[in-house]
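> Work the whole structure out from these sequences, hints included.
Residue numbers (the working numbering), protein chains in the order written: chain A, 1 to 57; chain B, 1 to 369.
By construction, these hints were calculated from the structure, which means they are not laboratory data.
Glycine is no exception: its CB is placed at the ideal position from the N, C-alpha and C atoms.
Be aware that a few hints might be false.
Claimed, not checked - Here chain A is said to cover these stretches of chain B; the calculated rule only asks that three of the stretch's residues, wherever they fall, bring their Cβ under 8 Å from a Cβ of chain A: (1) 94 to 103; (2) 335 to 341.
Claimed, not checked - Straight-line C-alpha distance at most 25 Å; calculated DSS-like pairs for lysine-lysine: (3) B:K149 - B:K273; (4) B:K273 - B:K308; (5) A:K43 - B:K273; (6) B:K195 - A:K43; (7) B:K248 - B:K32; (8) B:K178 - B:K299; (9) A:K43 - B:K199; (10) B:K32 - B:K195; (11) B:K307 - B:K183.
Spelled out from the first residue to the last, the chains are:
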Amino acid sequence: MSMIAALFEPLNFVENLRYMGLGMLGIFIVIGVITLLTIFLNKVTEQKPDEQPDQKG
Amino acid sequence: MEVLYQNLLHLDIKMVIMWIIGGILIYLAIKKDMEPTLLLPMGFGAILVNLPFSGAITQGLEEGPLSILYNAGIANELFPLILFIGIGAMIDFGPLLSNPILMLFGAAAQFGIFFTLCTASMFFDINDAASIAIIGAADGPTSIVVGQKLNSNYIGAIMVAAYSYMALVPIIQPPIIKLLTTKTERKIRMEYTQKPVSKTTRILFPICITIIAGLIAPASVALVGFLMFGNLIRECGVLDSLSETAQKSLANLVTIFLGITIASQMQAANFLKVDTLLILFLGLVAFIFDTAGGVIFAKILNLFLKKKINPMIGAAGISAFPMSGRVVHKLALKEDPTNFLLMQATGVNVSGQIASVIAGGLILNFFLH
Chain A
1 MSMIAALFEP LNFVENLRYM GLGMLGIFIV IGVITLLTIF LNKVTEQKPD
51 EQPDQKG
Chain B
1 MEVLYQNLLH LDIKMVIMWI IGGILIYLAI KKDMEPTLLL PMGFGAILVN
51 LPFSGAITQG LEEGPLSILY NAGIANELFP LILFIGIGAM IDFGPLLSNP
101 ILMLFGAAAQ FGIFFTLCTA SMFFDINDAA SIAIIGAADG PTSIVVGQKL
151 NSNYIGAIMV AAYSYMALVP IIQPPIIKLL TTKTERKIRM EYTQKPVSKT
201 TRILFPICIT IIAGLIAPAS VALVGFLMFG NLIRECGVLD SLSETAQKSL
251 ANLVTIFLGI TIASQMQAAN FLKVDTLLIL FLGLVAFIFD TAGGVIFAKI
301 LNLFLKKKIN PMIGAAGISA FPMSGRVVHK LALKEDPTNF LLMQATGVNV
351 SGQIASVIAG GLILNFFLH
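Here's what the structure looks like:
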């Protein structure tokens with residue numbers, strides 16, 4: 001345990017919090033873009049309901 | 001006569017401890033059915049490489065087959081990438097494409113990775129801390145690729161932790177989910193309407209994901225690309241035979257070699273250290289905070305939504321496909337035997353697969369210089 005105790009740097013947690021912020025922001029941006037794109041793809045490629053053939057009396 | 005027992009004289013207690021660890025992995029694989037495809041080869045391999053002067057690994061100038069396999073398939077990240085083709089071919093993105101909003105839970109459930117990065121950085125240098133944090137991706141191939149690219153000194157322990165915790169998802173997640181949700185929340189019903197997804201969307205989806213991920217996190221493009229290539233083979237409709245091969249033969253073949261080759265890094269001298277215990281603990285922290293991230297995100301959304309979401313589905317964003325989705329489904333059934341959340345949880349679960357790979361790419365973007 002002595003080696004780990006020697007390496008223990010609690011301030012690193014605070015220093016690296018910016019990576020937590022950047023990482024979560026980055027992942028939400030990428031996933032957000034993918035979500036919007038998927039919604040767009042679903043809309044564009046949506047199958048229209050079959051048109052009823054004209055009724056001729 | 002001496003030749004028969006001289007090797008025994010080189011046996012030490014650490015090797016015997018590794019046999020016991022190997023035995024436990026084999027026991028978990030066979031008796032508890034926990035990720036047997038990986039834990040069994042890893043357990044056997046742990047015994048194989050911890051025999052005095054084991055010929056399975058390189059000894060001096062004499063090259064061992066597991067060391068050769070390691071250099072040929074893991075040190076250059078080839079095995080995990082090929083396995084990703086098989087995984088991509090196995091995944092049906094249908095439930096996710098039908099309800100794309102579910103993807104946000106996959107993003108939220110990567111919180112454990114970044115929390116663990118900060119925690120691990122108190123004990124390890126930043127590249128090792130980042131490699132340890134990615135255990136929280138709950139995705140073995142991603143852990144291997146990130147650990148290798150960042151040149152981690154703890155790749156063996158990271159791989160063992162990543163695969164072991166994936167197997168332990170049914171044990172780790174339920175108490176965290178129960179701790180963070182009320183009985184009423186766990187009983188929330190979610191309507192599921194399977195909206196039709198066109199073939200064009202299914203084909204364009206893997207291509208678009210590869211382009212987006214490649215543009216934002218270029219270091220992850222191999223991971224995302226191989227996963228999505230596998231999925232494209234599945235969805236294109238003209239390569240059924242290749243899709244079947246990728247899902248079964250290819251994935252099985254790579255898995256056999258992957259498990260036993262990972263074990264080549266479980267030599268007692270490198271593995272039995274306090275650092276390993278700390279890495280196992282940090283891996284657990286990553287899984288716990290991933291689960292918490294997903295559940296808490298769903299609870300926050302519920303503050304604003306008229307139609308409430310069952311917050312348990314957030315936990316399925318941890319990746320660990322398909323165990324995590326099943327865990328949520330079973331928990332919902334336990335609270336109310338008529339509440340079926342399987343489709344929603346599966347949708348979130350596959351989104352976690354995508355999000356975890358992107359998280360790996362972002363980690364590489366930050367620290368790969």
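> Now, for every hint given, state plainly whether the structure supports it.
Hints, one by one, checked against the model:
1. Taking a C-beta to C-beta cut-off of 8 Å, the stretch 94 to 103 of chain B contributes 5 residues in contact with chain A, enough for the three needed, and the coverage statement holds.
2. With 0 residues bearing a CB less than 8 Å from a CB of chain A, the stretch 335 to 341 of chain B misses the requirement of three and the coverage assertion fails.
3. Only pairs whose Cα atoms come within 25 Å are accepted, and B:K149 paired with B:K273 is accepted, the gap being roughly 23 Å.
4. For the suggested pair B:K273 and B:K308, the alpha carbons sit about 47 Å apart, so the restraint of at most 25 Å is broken.
5. In summary, the hint linking A:K43 to B:K273 is not supported, as the alpha carbons are separated by about 55 Å, beyond the 25 Å threshold.
6. Between B:K195 and A:K43 the CA atoms are separated by roughly 12 Å; this keeps the pair inside 25 Å, and the hint holds.
7. Of the supplied pair hints, the one linking B:K248 and B:K32 holds, its CA atoms being roughly 23 Å apart against a limit of 25 Å.
8. Our distance criterion of 25 Å between C-alpha atoms is met by B:K178 and B:K299, whose separation comes to about 13 Å.
9. Taken as a hint, the A:K43 and B:K199 pair is honoured in the structure, with Cα atoms around 13 Å apart against an allowance of 25 Å.
10. Distance hint between B:K32 and B:K195 is unfulfilled; the C-alpha atoms sit about 37 Å from each other, more than 25 Å.
11. About 18 Å separates the Cα atoms of B:K307 and B:K183, which keeps this hinted pair within 25 Å; it holds.
Hint compliance for this structure: hints 2, 4, 5 and 10 are broken, all remaining hints hold.
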